[in-house]
Structure formats: C-alpha cells, structure tokens
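Trainee: Take a look at the letters that make up each chain.
Number of protein chains: 4
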Amino acid sequence: MSLQEVLSELDGFTVEVPSWAYGNSGTRFKVFTTPGTPRDPFEKIADAARVHALTGLAPRVSLHIPWDRVEDFGALSAHAEEHGVGIGAINSNLFQDDDYKLGSLTHADPAVRAKAVAHHLDCVAVMAETGSTDLKLWLPDGTNYAGQDSLRARQDRLAASLAEIYAALGPEQRLLLEYKFFEPYFYAMDVPDWGTALLHCQALGERAQVVLDTGHHAPGTNIEFIVMQLLRAGRLGAFDFNSRFYADDDLIVGSADPFQLFRIMVEIVAVDAHRPGSGVNFMLDQCHNIEDKIAGQVRSVLNVEQALAKALLVDTEALTAAQDAGDVIGAHDVLMDAFHTDVRGPLADRREARGLPRDPMAAYRASGYAAEIAAARVGGTQAGWL
Amino acid sequence: MSLQEVLSELDGFTVEVPSWAYGNSGTRFKVFTTPGTPRDPFEKIADAARVHALTGLAPRVSLHIPWDRVEDFGALSAHAEEHGVGIGAINSNLFQDDDYKLGSLTHADPAVRAKAVAHHLDCVAVMAETGSTDLKLWLPDGTNYAGQDSLRARQDRLAASLAEIYAALGPEQRLLLEYKFFEPYFYAMDVPDWGTALLHCQALGERAQVVLDTGHHAPGTNIEFIVMQLLRAGRLGAFDFNSRFYADDDLIVGSADPFQLFRIMVEIVAVDAHRPGSGVNFMLDQCHNIEDKIAGQVRSVLNVEQALAKALLVDTEALTAAQDAGDVIGAHDVLMDAFHTDVRGPLADRREARGLPRDPMAAYRASGYAAEIAAARVGGTQAGWL
Amino acid sequence: MSLQEVLSELDGFTVEVPSWAYGNSGTRFKVFTTPGTPRDPFEKIADAARVHALTGLAPRVSLHIPWDRVEDFGALSAHAEEHGVGIGAINSNLFQDDDYKLGSLTHADPAVRAKAVAHHLDCVAVMAETGSTDLKLWLPDGTNYAGQDSLRARQDRLAASLAEIYAALGPEQRLLLEYKFFEPYFYAMDVPDWGTALLHCQALGERAQVVLDTGHHAPGTNIEFIVMQLLRAGRLGAFDFNSRFYADDDLIVGSADPFQLFRIMVEIVAVDAHRPGSGVNFMLDQCHNIEDKIAGQVRSVLNVEQALAKALLVDTEALTAAQDAGDVIGAHDVLMDAFHTDVRGPLADRREARGLPRDPMAAYRASGYAAEIAAARVGGTQAGWL
Amino acid sequence: MSLQEVLSELDGFTVEVPSWAYGNSGTRFKVFTTPGTPRDPFEKIADAARVHALTGLAPRVSLHIPWDRVEDFGALSAHAEEHGVGIGAINSNLFQDDDYKLGSLTHADPAVRAKAVAHHLDCVAVMAETGSTDLKLWLPDGTNYAGQDSLRARQDRLAASLAEIYAALGPEQRLLLEYKFFEPYFYAMDVPDWGTALLHCQALGERAQVVLDTGHHAPGTNIEFIVMQLLRAGRLGAFDFNSRFYADDDLIVGSADPFQLFRIMVEIVAVDAHRPGSGVNFMLDQCHNIEDKIAGQVRSVLNVEQALAKALLVDTEALTAAQDAGDVIGAHDVLMDAFHTDVRGPLADRREARGLPRDPMAAYRASGYAAEIAAARVGGTQAGWL
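Chains as they are written, first to last, in this note's numbering: chain A, 1 to 386; chain B, 1 to 386; chain C, 1 to 386; chain D, 1 to 386.
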C-alpha cells in the first residue's frame with residue numbers, strides 16, 4: 001500500500017477512551033493524586049474531549065457505572081456533544097460492592113446474583129439514555145483458594161446470569177465479555193481466558209462478543225494469534241488496549257512492546273477490521289498512576305495510530321510471495337521493513353492538513369490546560385476507582 | 001466417601017502408557033542412552049507390560065507411528081495380549097519429516113498437506129489392525145518469526161486437513177487433538193491453546209475431542225480450570241500426564257507439583273470422569289531423560305493413582321456445606337484434609353489383596369528385570385525419538 | 001531422624017507474625033472489611049497473641065511504621081508481654097507518602113531521599129524503645145516507563161541512602177533488605193532480585209542481610225535454590241512467607257504449593273537454620289483479603305510447622321546414599337516419602353502435651369473470639385494498609 | 001549526539017559470531033539439514049567471514065571445543081586470517097559426554113569433575129594456540145527432580161572445579177561464566193541466575209566475569225537492569241545475543257522484541273561499553289533451525305548495529321533534564337524518539353562509504369554464495385550440535 005493509501009485508510013479509524021483514565025488510579029499500595037483531576041463525569045468528558053481535539057482520534061468516551069452515574073444522562077450526552085465527543089460503551093462494575101466479596105454473577109447466593117444482574121439492567125437503561133450500543137462486562141469474580149468454591153458450579157451460575165443480561169439487550173445492542181488471567185482473585189478467575197469467554201458468548205448468541213484486554217494474559221501469550229482467532233470466529237468485539245511487562249500493569253499502550261502492538265494491528269489490517277463497521281471497538285483501558293493523565297491518553301491514541309499506519313505499510317504482495325516461497329527471513333524482513341519505517345512525519349503532515357496540531361504532545365503542554373484545570377478544580381472529591 | 005468406597009472406586013481406573021517412554025529421549029543438547037533400552041515395539045511392549053504387572057494400573061500401551069510401525073500389527077497385538085496388555089491410542093507424527101520444516105497440515109504447499117493427511121489415513125489403518133479407537137494428533141506446526149507465514153491462512157489449511165482426517169474415522173473412532181503453548185516453534189504454534197483446539201473440534205464434530213497435556217500451558221495457567229471447562233463442554237478426550245517446572249519438561253507426573261495433580265483429579269472425580277466409560281483416556285506422555293525408564297513409569301502410574309485416591313477422599317458434603325456458607329478457609333481446609341492424608345498404606349494393602357506387590361518400586365528393583373534386559377538387549381539400535 | 005527427634009527439633013522454632021495481617025487489606029479494586037478488625041496496634045497485638053495462644057508457634061509480632069506508631073512504645077511492649085508475645089522486626093514504609101511517587105531512597109531529589117532516610121532513623125528509635133533488633137526495609141521504588149529515570153543513578157542513590165541508614169544501627173541490630181520482582185512499579189523495580197539485594201548488603205557490611213519473600217519472584221523461579229544460595233553466602237536474614245499462583249498474591253503460606261514450602265524447609269533443615277540462633281527470622285507477610293484474618297494466621301503458622309516437620313523427617317542417610325549412587329528416582333523417592341507422610345497426628349499430640357489445643361483451627365472457631373471482637377470493636381476506623 | 005557523531009561511535013564496534021551458528025541445529029524433535037552446511041571448522045569460518053565481508057561488523061569467530069577441534073589450530077587461525085577474520089572466545093562443552101548425565105563440574109564423582117576440569121585445560125591450550133583471551137563456560141549442569149542431588153553440595157563442588165580452571169588461566173585471559181534459567185535440566189540449574197554467577201566470579205577473582213545470554217532468564221525479567229547492574233559491579237564480560245518469546249528460543253537477535261534490544265544498548269552506551277576496550281564482548285548465540293544460516297547471521301549483526309545506533313541517538317541532555325524534572329512521559333518520549341527514528345538509511349550510507357554493500361541481505365542473496373556452497377559441499381557429515 002502506498003503511503004497515500006495508508007493515510008487514507010486511517011480516516012475512519014477511531015479509538016475510544018475510558019472516562020476512568022482521567023480519574024485517579026493506583027496500586028493496592030497507594031493512589032497518588034494530582035491537581036486538576038476531574039471531580040465528576042462532566043469534567044472527565046471535558047478532559048477526554050481535549051484528547052480528541054488534539055489528535056482527532058478519540059471521538060468517544062466509555063462510561064463506567066456507577067462511577068459515572070449522573071442524574072441526567074441526557075445532559076451528559078449533550079455536554080459531550082458540545083465538547084465534540086460522544087458516549088461510547090457502558091461498563092458495568094462488579095468489584096466494588098461488599099456483597100461481591102465471594103462473587104457477583106457467580107455467587108452461591110441467588111440474591112447476590114440477582115443484584116449483579118439487576119446492575120446490568122441499570123446499565124442497559126443507561127445505554128438507552130446515552131445511545132450506547134455496547135455493554136461491556138468484565139467479570140472480576142474468582143477464588144483465592146483451591147476448594148473455596150466449586151469451579152464448575154460457578155460456571156453454571158455465570159451462564160444463567162449472563163443469559164438474563166443478554167435477554168435484556170435490544171437487537172442493536174451487544175454484550176462484550178472480557179476475560180482476565182488473574183486479579184483481583186489469585187487461585188482461579190471465573191473467566192480467565194478467551195476460550196471461556198468464547199464458550200459463554202457462543203451459548204448466548206451472535207451479539208455476545210469477546211473483549212481482548214492486552215494486559216489480561218499469561219506471560220508469553222501470543223496475543224496477535226488470539227486476535228486472529230477471535231476475528232476468524234467472528235467474535236472479536238473490542239480491545240482494551242494498554243501495555244504490560246508483568247501482570248495487568250495498565251501502562252500506556254505501545255510503551256512496553258511497540259512491536260507487539262504493531263503485530264496486533266497487522267492481524268487487524270489483514271481483514272480490514274480497522275475500518276468502521278467491522279464491529280471491533282478499539283478502546284483504551286489504562287491507569288496513569290504516576291504520569292499526567294491527559295498527556296498519557298494523547299500518547300496512547302497516537303501510539304495506536306502509529307502502529308496501525310505501520311501495519312498498513314506492510315507490502316502484502318511481497319509478504320505473501322515470500323511466505324509462499326518458504327523464505328523465512330525474507331518474509332520476516334518484509335514485516336520488519338514496515339515496522340522500522342518512521343511514520344511520524346507523514347502522520348504529523350496529515351494532522352496538519354486536517355487542522356490538528358502537528359505535535360499533539362507539545363500542543364498539550366503548550367496549551368496551559370493542565371494549569372487551567374489545576375486552578376479551576378479546587379475542592380470536591382477527585383474521581384478515582386473507589 | 002469412606003476409605004472402602006474410595007478403594008472400590010479405583011477398580012476400573014487405568015492409565016495408558018506411551019511406548020516411547022521406554023525408548024531413549026533427551027533434550028536438544030543430548031540424548032543419553034541406557035543399557036537395556038528396547039530396540040523395537042515388541043520390546044517396548046514387554047517393558048510396558050512389566051509396569052502393568054507391577055501395578056495393575058496400566059493395561060494399555062499407546063503406539064506412535066512411524067516409530068512403532070511393524071509389518072504385522074496383528075502379531076504386535078498378540079504379543080501385547082500375551083504380556084497382559086493391549087494396544088491403546090495411535091499417535092501420529094508430524095515433526096520428523098524433512099518436508100515438515102515449515103508445517104505439515106498447515107503447510108502452504110498442498111502436496112505437503114496431502115502427505116500429512118495421508119499419514120493419518122495410514123494411522124487409521126493401523127487402528128483397524130490393532131482395534132484402537134483413538135487417533136491422537138499433536139500438531140507441532142508453528143512459526144519462528146513474525147511474518148514468516150499467515151497465521152490465519154494456516155488455520156484455514158489446518159481446518160481443511162483435519163476435516164479430511166476426521167472423515168476417514170469410523171463411527172466408533174475419535175480424533176483427539178492436542179494443543180501446545182510453544183515448542184518446537186517459538187513465535188506461534190498453530191494450536192497453542194485449548195480454545196483453538198476446541199474451535200477445531202467443534203467444526204469437526206462430536207467425535208473430535210481435546211487432549212490436555214499438563215506440560216503444554218503458559219506459566220501460571222490453572223490447569224484444573226481447563227479440565228473442568230472441557231468436561232463441561234463435553235470435549236475432554238484425554239490427558240497426556242507429566243510434570244513441569246518451566247516448559248514442557250516431561251518429568252514424572254506428580255513430581256513437580258503433587259498438589260496440582262490432586263486438584264486436577266478433584267475436577268475429574270466431581271463428574272465421575274475417572275470411571276470407565278467417561279470417555280476420558282488417562283495417558284502418560286513423559287521423557288525419562290536421566291532416570292530409569294521403567295521405574296519412572298511405575299512411579300508415574302502410582303502417583304496418578306495416589307492423587308485420584310486423595311481426590312476421592314474429599315468429604316464432598318462438608319466441602320459443599322463450607323462453600324455454601326462462604327467459609328473460605330473452612331472449604332479450603334476440607335480439600336487439604338484429603339490431600340494431607342497419607343493413602344500409601346491402604347493402596348499397598350489393596351495391591352496386596354489383588355495379588356500385586358505392596359511396593360511396586362521395590363519389587364521392580366528386586367526383580368532383576370533391569371539387569372536382565374541390559375544383558376539380553378545387546379546390539380541393534382536402541383529405540384528413541386529420532 | 002526419628003519422629004521423636006523431629007518433634008524435639010521443633011521446640012525452638014517460631015514464626016513471627018505481621019501486625020498488618022490483622023488489619024484490612026485488598027487489591028487495587030477493593031478492600032473488603034470485616035467486623036472485629038482491629039482499630040489500633042494494641043488490638044492487632046491482641047489478635048496476634050491469640051494465634052500464639054492457639055499454636056504456641058508465634059511469639060513475636062512485626063510492627064509497621066507508621067501504621068503501628070503509638071505514643072508510648074513502652075506501653076505497647078508491655079501490652080504485648082501481658083498477652084504473651086513480644087515485638088519483632090520493625091518494618092519501614094516507603095510507599096505511602098505523596099513525596100514518594102517517583103521514588104524514596106532512590107529519588108532524584110535529595111530532599112526526598114533525606115526524608116526517606118530520616119524515616120528509617122525514626123524506625124531505629126522505635127527499635128530502641130521496643131528492643132527490636134531487625135530493621136526490615138522493603139524498597140517499593142521503581143519506574144513504570146523505560147527512560148523515566150536512570151536505572152544506574154537510582155542504584156547509586158540507593159547505595160548512599162542505605163549507607164546512612166546502616167550507619168545508624170547499633171552493633172546488635174540488623175538491616176534486612178527485601179527484594180521484589182514487580183509491583184508497585186511495572187517497568188523496573190530498583191531492588192528486583194536477590195542479586196541486587198546481595199550486592200547492596202555486601203557493600204553495607206555483615207549485619208545487612210537479605211529478606212526472601214516467597215511471592216517476590218519471576219514465574220518458575222526455584223526459590224529453594226535461592227534459600228540455599230543465600231544461606232551459603234551467609235546472607236539469609238529472614239523470610240516473608242506467603243503463597244502465590246501468579247504475582248505477589250500474598251495468600252496463606254502453603255496453600256498454593258505445599259510441596260514448594262516443604263522443599264524450602266528442606267534447605268533450611270540442611271544447615272540447621274530452623275534452630276534459634278541461626279539468624280534466620282521466619283516471618284509471615286500475607287493479606288487475608290477475603291478470609292478470616294486470625295484463622296488465616298493460625299492456618300499459616302501450622303502450615304509452616306507442618307512443612308518443617310516433614311523436612312525434618314527426610315531420611316538424610318538414605319537420601320545421601322541414593323544421591324551418591326546416582327539413583328535419581330531413588331533419591332527423589334526418599335524426599336517424597338517424607339512429604340507424603342501425614343504428620344498432623346503427631347503434631348496434634350505434641351500440642352496436646354504442651355497444653356495447647358489439638359486442633360487450633362477448631363479451637364479458634366469454638367472460642368467465640370471472632371464474635372467477641374466483632375461485638376467489642378464497634379466504631380473507630382479499622383486498621384488497614386492505607 | 002548528532003547523527004555524524006553516532007556514526008563515528010560505531011566505528012570500533014564489533015560483534016563476535018559463533019562457529020556453531022553455521023552448522024545444523026534444531027529442537028529435541030528434529031534437526032533439519034540444509035544444503036551447503038559446513039562440514040568442518042574451516043568451512044564454518046569461511047561462512048562467518050562472508051558475514052563480516054558483507055557487514056564489516058563481525059571480525060571474530062567463537063570456537064566450540066570439541067566441535068571445532070582441529071589438529072592444527074595454527075592452520076585454522078591462518079585460514080581465518082586469510083578470510084579476513086580472527087578467532088574469538090573458546091567455548092567449552094559440558095553437555096555431550098555420557099559421563100555428564102548427572103553433572104560435570106558439579107558431579108558427585110571426583111573422577112567426572114576431574115575430567116570436566118581437564119577439558120577446560122585443553123581449552124586453555126587451544127587459547128594459547130589461537131591467541132584467544134576468553135574462555136567461555138556455560139554450565140549446563142542441573143537436576144530434574146527435587147532430592148536428586150544436594151543443591152548445596154553441587155555449589156561447593158562447582159566452586160572447587162572453577163577454582164582449578166581459573167588457576168590455569170594466564171594474566172591476560174578471562175573466565176566468562178554464563179548462567180541459564182533452565183534447560184537442559186528442569187528442576188534446578190546449578191548456575192541459574194546472574195546472582196549465582198556473580199558469587200562464583202567474586203570468589204574466583206577479577207578476571208572472572210559474567211556472560212549474559214539474553215534468552216536465559218525467567219519470563220518478564222528486565223534484562224537491561226541486569227546489564228546495568230553487572231556493569232556497575234564491573235562484572236559484565238560478554239553477551240550471548242539472541243531472541244526469545246518463551247524459553248531459550250535462540251532466535252535472531254532483535255526479531256522478537258526490538259525495543260528490548262534497544263533498551264539493552266541504551267545501558268551499554270550509558271557507560272561507553274560499546275567502545276573497544278570496555279571489556280564487554282558482544283557475541284551472538286543463536287540457532288537457525290529453519291532459516292538460512294548465513295542470512296540469519298547477517299540479519300543479526302545488522303540488528304545489533306541498528307539498536308546501538310538508535311541508543312546512541314538518544315538525546316541524553318533532554319533525557320536527563322526530563323528525568324530530573326520528574327517528567328515521566330517526557331523522559332519516556334525522549335527515549336522513544338530515538339527508537340522510532342529510522343536509521344537504516346544512514347547506516348546504509350555509512351556501509352557504502354566504507355566499501356560495503358548498502359544492503360547486505362540483498363547482496364548476500366545476489367552473491368550466489370548459498371548455491372555455491374550447496375554445490376561444493378557434497379558428501380561428508382554436516383556440522384551440527386551433536
């Protein structure tokens with residue numbers, strides 16, 4: 001693909017940003033705060049909109065319920081629209097209620113399960129109010145000790161709970177089910193891998209799709225293989241992008257292994273899944289524990305775009321020829337040629353041509369926005385995970 | 001379950017041993033040889049029969065084609081029968097032909113794929129001659145470098161190849177498909193995880209089942225969870241038991257983490273899958289690189305039996321009560337009570353009552369069999385992986 | 001060693017419990033609370049004393065500063081003594097001050113480093129007041145992004161900071177330096193492995209020793225090897241015992257891999273390091289996120305004692321004979337014989353003979369203590385990590 | 001550093017290539033052969049010289065004894081010189097003798113240890129004949145089963161064996177000791193980590209240095225941290241470069257994680273260790289199981305050079321300023337700027353200016369050398385690991 005074609009392929013590509021990335025986050029050891037952190041969903045959306053204004057890449061914001069619960073979601077949607085962005089997926093929360101200590105949708109007690117299901121019906125109501133089509137469900141349930149509960153019974157309960165939730169969705173709405181290897185439980189997670197997520201989605205129906213969070217795998221897992229496999233099975237609903245070295249580190253996507261991000265985008269491009277209408281929602285799910293949050297989001301969406309541009313640059317004809325010829329190094333080199341190409345200049349040119357800053361990071365620093373919100377957002381309680 | 005009930009539950013339980021465990025094996029660095037190593041399938045079966053004679057646990061021997069190809073499989077079956085054992089699963093080999101350097105059932109060249117498919121039709125013919133009902137297929141295919149080949153195209157070719165093989169099976173025969181995380185390829189294996197194996201089995205039909213090799217997972221993977229999940233999906237066809245600390249170490253099952261083996265058997269017992277007729281074939285797949293091979297096999301089948309006995313000992317009533325009460329430590333302790341119980345005495349008593357040695361390891365050492373075969377098996381070429 | 005000798009070897013063996021295990025803990029997602037959780041160090045010590053009363057194994061309590069700061073440490077020591085226990089190691093805290101966002105003893109800003117050093121001088125003062133001889137320092141410092149800071153400069157600053165702290169210790173006091181693979185930082189920890197801890201201890205002097213937390217290693221790490229190596233180098237100062245499946249899960253020691261705990265104790269016993277005066281402080285460092293905290297501690301110290309008893313049971317003469325003969329399976333079997341032996345009965349007998357409950361877990365449940373503290377400890381703020 | 005300065009810093013930089021990379025290698029499952037594979041050390045050196053002729057980067061060849069034993073090492077040296085290269089490190093072999101099944105320098109039997117020590121004295125003799133100054137010792141010893149041997153006794157024997165070897169070295173000669181996490185043994189390697197290697201080097205003396213093989217670590221290990229730490233301790237003697245996804249995959253360096261290779265070179269550059277005289281020997285240790293071997297080596301040395309050039313490009317002034325200011329993303333971005341820069345053009349220009357091919361990979365393909373050696377090297381036994 002020529003550079004010009006590559007750049008035009010980027011036109012419809014967008015990244016959805018999470019409202020919670022603008023709030024405080026941390027580890028179990030400490031949550032550091034920063035001046036200017038949003039106090040409510042309106043301020044989070046204002047920050048997210050700034051990311052879009054700087055990059056042209058991030059027109060949607062995921063909400064998290066109950067963190068982003070407001071009295072009037074219509075007002076929130078309007079606020080978003082005014083700021084140039086829209087509401088994206090609705091994320092449920094199954095990890096912060098005292099009742100969920102031993103499970104939520106999998107809990108042995110039917111009353112707890114009913115409560116967890118009801119929470120999702122609330123989320124579906126929010127979807128109606130915001131026009132959101134994606135209900136994203138990460139199941140944090142699991143156990144810490146062998147024997148603590150029946151692994152199998154929990155699957156059965158989960159299947160029944162999910163069926164109730166799925167039944168509440170409209171025909172244009174999807175259930176996005178996310179798996180995670182470990183944390184917050186350490187012996188067994190109830191949806192630990194893509195195979196488990198897939199089995200549940202298969203049981204539910206076609207509008208149940210799998211979410212791949214790039215930080216939710218065992219060490220050494222080939223993530224682009226799973227991307228390919230879920231696409232092949234027609235079940236890749238969304239990404240939660242981030243970076244990791246060890247566990248679910250939730251670092252800026254592309255910061256730990258930019259080559260892996262590129263390889264993932266190569267599998268995306270192979271079936272045109274980067275194009276609007278592919279059904280794959282490219283989302284971030286990150287924690288800016290120690291770095292500036294807005295800058296961190298800007299850097300993240302730029303990293304995704306850069307990886308996509310490089311993936312589009314791969315000379316697929318030469319690649320296929322080398323592959324068919326069994327030329328191992330030759331085929332690998334075709335891929336690496338694209339990866340080693342510096343696309344930052346053309347991407348800056350493209351931004352400029354679209355009326356965006358050539359260097360969004362510098363533009364953000366120069367904008368004074370950080371100082372502005374630090375001065376304005378005094379008092380109140382900063383938003384965070386808890 | 002009372003100890004008496006536990007012991008009676010063991011009656012139908014068997015472990016299938018692999019013919020190749022009696023031959024030489026090693027690492028890429030060195031294959032050490034030992035006096036007395038079998039030179040042909042007849043001698044392997046004689047050794048395997050000795051394991052059964054000592055333990056009463058191992059009445060079947062898996063064959064590997066072409067390693068165990070003989071002119072007259074009827075004679076081999078008769079030889080086995082004379083020695084008190086039978087022929088079990090037929091294992092194909094897709095990793096030792098020069099044509100398979102870049103793949104076998106997934107190869108870009110249709111001629112190579114056809115050759116690999118034809119090899120399985122040969123295996124099906126062997127099944128007819130030996131009465132075997134299980135065709136076990138471990139796909140060693142994969143790639144070493146990103147870009148080397150299309151991950152997706154390889155899946156498509158694999159699906160087509162598997163369909164041809166599956167079509168050749170009789171109505172009483174099964175295809176057992178084994179996944180592996182890595183090795184002998186290091187960038188991407190073509191069937192790296194249970195999810196991929198499951199998707200292929202689903203596409204093939206009900207007699208396609210997954211093989212779980214306990215050494216074929218990413219670090220930290222909860223294997224008993226996968227056992228439960230495959231059982232729940234009706235797709236657990238067989239185990240390849242062994243132990244690992246790091247990779248596919250192929251050590252004696254139960255030697256690296258006896259508690260894990262116990263937890264696996266707990267999931268088996270939960271649905272009575274240890275009983276004959278469950279459809280789960282409990283097989284060993286091990287390499288005795290430095291230890292005595294026959295002793296290693298005796299130790300292995302004893303370890304599996306011990307883990308099963310402990311799993312049967314779990315006080316399921318107390319366990320369920322503690323689980324339902326949300327008593328985390330209480331439930332865990334019920335499980336641990338069974339694990340900490342020393343069942344070696346009762347198992348020895350049971351062996352004695354069945355006319356078997358109380359201590360099969362000591363009986364083997366005392367038997368002089370090792371010296372006998374070392375003296376007898378002089379000359380010829382020792383059997384091995386290559 | 002005869003069972004009688006084994007039991008007598010247990011006499012001087014003790015486990016130190018951490019005050020913070022009795023407070024609330026959790027993950028970054030949620031800290032669940034429980035009725036009866038201590039509100040202050042006095043109540044924590046009361047709970048810890050209960051563990052000792054039930055087991056006879058846990059006569060010392062580690063303190064954590066500032067969590068356990070009280071106005072009058074003499075009063076706290078007296079309170080401990082009244083309850084039958086004493087004060088153990090003093091643990092510093094370098095992860096909860098806003099100034100430490102980018103580092104403490106390694107921070108680029110000398111003022112922050114000075115503050116962190118001064119905190120340790122405070123801890124040394126507490127040691128004087130409590131009679132504690134061990135200053136335990138876990139360095140949580142690290143970076144999240146490549147380039148964020150100079151890895152090398154941080155080592156240099158750390159070395160200088162540690163030298164100041166070490167200089168403040170009295171001749172009978174030790175600095176115990178703990179390493180950790182990852183968390184709370186995800187690109188590079190500043191003391192990530194035993195090699196780094198050892199280099200710093202060597203630079204400091206003989207009273208600087210390494211702390212091995214069983215949850216602070218890369219996947220697959222052979223921990224008993226490190227135990228052996230640090231003992232051989234004369235630098236194993238202490239354990240922080242717990243269990244893990246994935247990361248620093250901080251589960252009940254012995255719950256995830258009882259065989260590993262046994263192997264660790266085998267290395268301990270090999271050089272009599274279980275005996276008082278060996279200089280190895282056997283401590284717990286655990287989080288009882290979802291289980292009863294006191295019961296969790298009771299279970300933990302019992303698990304350590306059980307592993308030690310089994311390690312003492314190893315027939316070392318037979319083991320050495322098999323090892324010298326190159327009898328791989330024979331030597332392994334000698335070890336496994338000890339592991340498979342059920343020592344719970346003799347340990348219960350021993351407890352009974354010492355005036356302790358045969359079954360401390362049952363005795364704790366029967367005691368009504370949980371209900372008692374739940375009723376008594378109403379109001380106030382429950383102690384926790386934060 | 002300006003691009004011009006960067007390019008001039010490359011002038012003295014060299015990579016040492018291993019003779020064995022030109023022979024056949026494989027996995028335990030299969031060693032694939034290729035036409036043209038060298039049959040003896042002379043042909044290996046001819047191939048290695050071709051890599052140097054194409055790249056100007058690889059003027060030395062490591063030998064492996066006994067694989068590269070010849071009657072007249074003077075003739076081999078002269079042959080190398082004629083081809084424009086020299087002899088580098090001498091590598092010993094402790095993994096292919098039947099006597100070493102249970103250990104070599106650590107073996108319980110003094111006769112086996114003496115044999116292994118004597119082999120190193122032979123290697124020292126080869127060093128005298130070839131002018132080599134580096135004796136590289138990778139200890140493959142280890143155990144497969146807990147209890148198989150005493151971990152501690154093996155350390156003691158190893159220390160004594162190493163002392164004998166070290167004593168045989170001349171004042172200008174070094175002992176380079178390499179550690180490895182696992183393989184070919186699976187329970188415990190006797191030198192599994194850099195801490196163990198360091199302790200032995202410290203005990204031996206200043207000319208004992210550690211070898212860091214990039215494939216010999218636990219999953220997730222931060223390798224550049226170890227590079228920094230060994231440099232800081234004055235003990236980094238050499239690299240064995242390669243790439244890995246899972247275990248010791250021995251893939252082309254830079255193919256699995258080019259960003260990691262860059263980060264390693266950043267630590268090298270920080271103390272000018274890329275310059276001649278630093279004492280760090282940059283070696284490859286790879287296996288070209290399925291790809292063209294010579295092309296694989298060319299690609300490898302180019303990848304190392306590219307990573308070094310990028311590391312030199314880092315704007316250290318800006319980096320330090322951002323680090324000192326606590327600007328997390330800013331500092332990270334400075335590093336990433338260098339990584340994202342495409343240096344292939346300037347490196348090609350530099351090659352051209354030095355009379356080398358702009359594109360060594362294409363030049364190799366165009367040279368017809370592969371066909372030439374395939375035609376010439378008919379008959380005889382291809383060199384390989386075994």
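Hints should not be assumed to be uniformly reliable.
Claimed, not checked - Rough simulated footprint, nothing fancy, chain B against chain C, three-plus residues with beta-carbon under 8 Å:
id, region
1, 99-111
2, 219-230
3, 284-293
For the record, the hints were derived by calculation from the structure and aren't laboratory data.
These numbers were taken from a predicted model, which means no experiment stands behind them.
Positions of the beta carbon are idealized from the N, C-alpha and C atoms, including for glycine.
Trainee: Each of the hints needs a verdict: does it hold here or not?
Mentor: Hints versus structure:
no.	hint	in the structure
1	99-111	violated (count 0)
2	219-230	holds (count 3)
3	284-293	holds (count 3)
In this structure, only the earlier hint numbered 1 is contradicted, and the remaining ones agree with it.
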